[in-house]
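Enquirer: Below, each chain spelled out in residue letters.
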Amino acid sequence: GAVVSQHPSWVICKSGTSVKIECRSLDFQATTMFWYRQFPKQSLMLMATSNEGSKATYEQGVEKDKFLINHASLTLSTLTVTSAHPEDSSFYICSASGGSQYNEQFFGPGTRLTVL
Amino acid sequence: AQSVAQPEDQVNVAEGNPLTVKCTYSVSGNPYLFWYVQYPNRGLQFLLKYITGDNLVKGSYGFEAEFNKSQTSFHLKKPSALVSDSALYFCAVRVGGNTPLVFGKGTRLSVIA
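Protein sequences, first through last, are from chains D and A. With the working numbering applied, the first sequence covers 1 to 116. With the working numbering applied, the second sequence covers 117 to 229.
Since the hints were derived computationally from the structure, they do not count as laboratory data. Just so you know, not all the hints are guaranteed correct.
[To be verified] Below 25 Å or equal to it, Euclidean Cα-Cα: the simulated DSS-like pairs (lysine-lysine) are:
no., chain 1, residue 1, chain 2, residue 2
1, D, K66, D, K14
2, D, K14, D, K55
3, D, K41, A, K193
4, D, K64, D, K20
5, A, K185, A, K165
6, D, K41, A, K138
7, D, K64, D, K14
8, D, K41, A, K165
9, A, K174, A, K138
10, A, K221, A, K185
11, A, K185, A, K174
12, D, K41, A, K221
[As the list claims (entries may be wrong)] Stretch-level coverage of chain D by chain A, calculated; a stretch enters the list once three of its residues show a Cβ under 8 Å from a Cβ in chain A:
no., segment
13, 21 to 30
14, 104 to 115
Keep in mind it's a predicted model, so treat the numbers as computed, not measured. Just so it is clear, CB atoms sit at the ideal spot from N, CA and C, and this is done for glycine as well.
Using the sequences and the accompanying hints, generate a full structural model.
Expert: Right, here's the structure in full:
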């Protein structure tokens, strides 16, 4: 199956700093990437959908100025958590869709963000 | 709007016994249904999907699921559980195209030796 990577796998930062998370599709072109957030022992909540070359579409309640998403190429999307606060601590997971496996999303391994 | 229900937070089963993890869905249109498994601090691993065709879908690690349109269900099953199957299982649905998946809340499966 297709491979999606995320970097970093975990990050600890101070409150007020910004953190960038990368999501890459390694062996296929991802026309669409999705960003999810998962709180402990809870399900995945969709944050935003990004199509290559377009502005991301954010779900209701997700602050677009706080969670900046860029999908500049068919293999890379980035999520930047700006001015992070402890309540932003979470597990962030990206997924990618496109190419021959049109109906399937391939998930990255996730990034654990801890804001002190 | 699409939704997925996983009615059980936790399922416990003895090793070697059959297991079932339940999932029901609600969509407008034809559903594309998926099962994923998540191990601690890891991303999601794809198990199987139903798009069209045979209602019984076979997937990875001996898992299978049956699409039942009349009951709007897509229960995950395995004939003989392994301790290594212990994990968090998510059912998800989308309605085609590059639309995002909508996930159930997850069911924690514990297989006891």
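Enquirer: Any of the earlier hints contradicted here, and which numbers?
Expert: Those not satisfied are hints 2, 13.
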